[in-house]
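Keeping the supplied structure of chain A fixed, place chain B upon it in accordance with the hints.
Each protein sequence line maps, in turn, to chains A and B.
Take 1 as the starting number for the first sequence in our numbering and just add one per residue.
Take 295 as the starting number for the second sequence in our numbering and just add one per residue.
Think of the hints as simulated: they come from the structure by calculation, not from any bench.
The reader is advised that the hints may include incorrect statements.
A partial selection of chain B residues facing chain A, derived with a Cβ cut-off under 7 Å [to be verified]:
id : residue
1  : 306
2  : 307
3  : 308
4  : 695
5  : 698
6  : 699
7  : 739
8  : 743
9  : 744
Predicted model only: the values in this text are computed from it and were never measured.
All C-beta atoms in this analysis are idealised placements derived from N, C-alpha and C, irrespective of residue type, glycine included.
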Amino acid sequence: MTDQTNRSDLQEGDPETTGHSWDGIKEFNNPLPRWWLWCFYLTIIWGVAYTVMYPAWPMISGATPGVLGYSTRAEVAEDIDRFEALNADLRTELTDVELAEVTRDEMPELYNYAIQSGASSFATWCSQCHGRGAAGVQASGYPNLLDDDWLWGGTVEEINATIAHGIRNEDDPDARWSEMTAFEGILSDEEIAQVVNYVLTISGQDGDAALAAEGETVYLDNCSACHGENAMGDRVLGAPNLTDAIWLYGGSPEAIEETVRHSRFGVMPAWSGRLSEAEVRATAIYVHSLGGGE
Amino acid sequence: MASHDAAPKLYAAQEPVFPKRVSGRFRNLKWAILIVTLGIYYITPWIRWDRGSALPDQAVLVDMANRRFFFFWIEIWPHEFYFVAGLLIMAGLGLFLFTSALGRVWCGYACPQTVWTDLFFTVERWIEGDRNARLRLWKQKWDFHKWRLRVTKWIVWLLIAVATGGAWVFYFADAPTLLREIVTGQAPFVAYVTIAILTATTFIFGGFLREQVCIYMCPWPRIQAAMMDEHTITVAYRDWRGEPRGKGKRRRAIAEAAIASSRLAGPTITGQEPGSTTKAEPEAQALGDCIDCNACVNVCPVGIDIRDGQQMECITCALCIDACDDIMEKIGAERGLIDYVALTDEANERAGKSKVPVWRHILRPRTLIYTALWSLIGIGLVVALFMRTEIDITVAPVRNPQFVTLSDGSIRNTYDVRIRNMGSEDATFHVSLVSDNVLQVALEGTPNLTVDVPADETLLQRVYVIARPGSEAAAAERTDFRFWVEELGDNLRAHQDTTFFGQGEPQ
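The shape of chain A in the complex, shown without the other chains (with noise of 0.2 Å):
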C-alpha cells in the first residue's frame, strides 16, 4: 500500500494529469460520469422551464406572468379566504353573545378567536395612538390601556362602546361627548395658582399648603360640579378621577396649569364603520384582557 502512495511515476491505465502537483501528489484528471453531465443539463432545462412557467424575470412594470397563472399573492389571498371561512361560525357567536360571558374559563374557543382578532386589530389600528403594548402616550394624552383607570369605564361592554363609536369625533352621534372649560380669563392667576397647588396635594404631590387651602373654595366653585366634590371624577362626563396617581396629560404643575388654563380636548375615531362588529367586540375583549379590565 505504501508502494502506491509513494509511486510518483504514473503507472499504466492511469490516465493523463492535470498538470497540478502538491507535495509530489499528482492530480489525476479522472473523468467525471456521464449520468452526472446528464443532471446538470437536466437542471439547466429545469431551470428555463422553470421561469416560463412560473414569475420569474424583472420587467419595467412587474415581472413575467408565467404561464400556468401562478400568483403567490393570489395564493395569500385563498388563505385569508380559507380562513375567514374557517372563523366565520365564530365571528357570527361574537355578534351574539353577551361580551361579558367571553371568558377562557366559559368559551375557551372563542376567547382565544378573539384574543387572537383583537390583537392584530389593535395592532393594526390602534397601536399609532395608543402605541404597541398599550401603554399610551401621556405627553400627548393618549391613554394608558394597561392600567386600573378608566374614564368612561373598563368593563368589556364600555370599552366596546368606546371603541365603537369613538371619543369627543363629531361624525357619530353615539360617540362620548364632554368638554372641558378653558379657564384663563374667567379665573385670576392667582386663582389658577391656588387651584393647581389644590390638586397637587389631593393627588398626593408636594404643593403650596397655604395656596392649596384657598385653591379648594376655587376648586368647589368651578370644578367640582364634573370632577366632584371629592375630586374622584364622573365617568359619565369622562371627567378624571384627580386624586389617583394616574394622569392622562401629566401631573406636574406646568401640565396641571395648562390643563386649567386651556383645557384639553382628546378625540379618538369611531371604529364601527371601519371594524365589523366582531372585530370591534374581538378588540374589547382584547384590551379588556390587558391588565385594567374591570
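Okay, now just chain B, sitting in the frame of chain A:
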C-alpha cells in the same frame, strides 16, 4: 474506475460493476447487520405502546403537528430538542471513533446506501444469476429473455423501494391507521409525496447509482482521511507477501522448478517469506502468494482492485478478504493475503517482528478521547433525562411598557408565563413567587392563584406582579425574584428567575 483512453474525455459512462457472490465471515457479518438494520427500520413503527386515549399507541412516533417526539417511555418536547442535538453529536463522534479505529466500517456495513445496495445486489443475483451470467446478460441483445429478467428485477427493486418509502412515513403517524388511509387513498398528500420521493431515491440510488453515490455524491470518503492514521485498522493487501504476482503457466512452471530445486535445497515457494528462499531459485523467489486470480476484484461492490493500495473508493466491506481467504485455502497458502491491517503492521511484518495486538492499535489517545467525549455526552443526556420534571415553565417578561402605574401608585409588571403539563393527566397549578421584597402576584382572568392545564398541553397565562406604592421594589430600578409553579397534589415544582422593573429614578 480509471479510463484507459489515450485522450481522456471529460465525462465517462458509468462502468458497470458485477460483484460475484462470496461467502465467509465478513459476508456473514454483513448479512447479520443487513437483517438487523432493515428489521429495525421496517418493524419499529409497528411496535405498540399504551399512550392513553388522546394519542396513538405507538412506541416511536414523530408527531409533527403537535411537535412531540415519542420514544417508548420518553417524550421529547420542542424545548428539549437538545436531546436530539446530543444524539446527533454522539452519532458524529461515534463515526469519528469507528473510523479512526477501524476505518470505514460504517460505509462497509451499516450505511443505508451500502445496506440497500447489498439487498438490491442480492435480488439481482437471484434473478439474473451470478457475475458471469450477469456479464453475459449485459452484453446480450435486448431480446425477450433479457427484458423478462430485467423487468422482473426492476419490479422486485421497486417493491423494496416502495416498502422503504412506505416505512418512513409510518414514523410520523399512527402506523395501522395510516396504512389503511394509504391503501384507501385517504392519506395526507404529503404522505404520498414522501413515499414517492423515497421510493424514487431508493430505486435509483440502490439499483442504478450504487457505488457512484459513494464515490461522487457522498462527502465522507473525502473527510475520512482526516479521521484515520497509521494505527487505523483497514482493509489492505499485503503486497510484501503477495508481490510479484503470477498465475497460470508461469506459476506452474516456476513451481515445478522450485520443487525440483527443493529436492536439493529445502524451502518451498509457499513458505511465504520471500527472503526465506535460497538464492539458488531466483524465479521462485521472485513470486509472491498472489496468484492474480482476480477473486478480490470480482467480488468488490465498488469495482476496485484492493491490490492497488488503500484508495478513496474503498468502503472497507471486506468482501475481498473473504474471497481471497477462500483462494488461499484452496492453494494451501496462509489466509490473510488481504486482511484488516494497520499501516504500522507492514513495517513490523517486513522486519519479521511479532504482530502488534489489535487492542494496541485500537486503544490509543485518539480513540480514547473520542470515546471519552462520546460517553460524556451520553451520560449528560441520560442525567438530563432523569432530572427533567413533568412540569416546566417559561417566563417572558412583557417589556412594552416596562411597568404600569396603577391608580393607587402601585407599580405593576406583566409576565407571559407558559406552563407546560408534560404529564398524562390534567393538573391544577399554583403560581407563587419568592422575593426579598414584598411583591404581590395576580393572574389575569381569575381571582385566585391557580390555573388548570390539560394533560400534555401548554397554557399561556398572563401574570401580574405588583409592588405597593412607596415600597423598595417600586422605587428600585430592578428587583430579582423567582416564579414558582407547583402542581397541586403531586407537589411537582418548577421555577424560573426573572426581574421586576420599578420606577428607578423619580419621574
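Checklist line | Which numbered hints fail | finding: 8, 9
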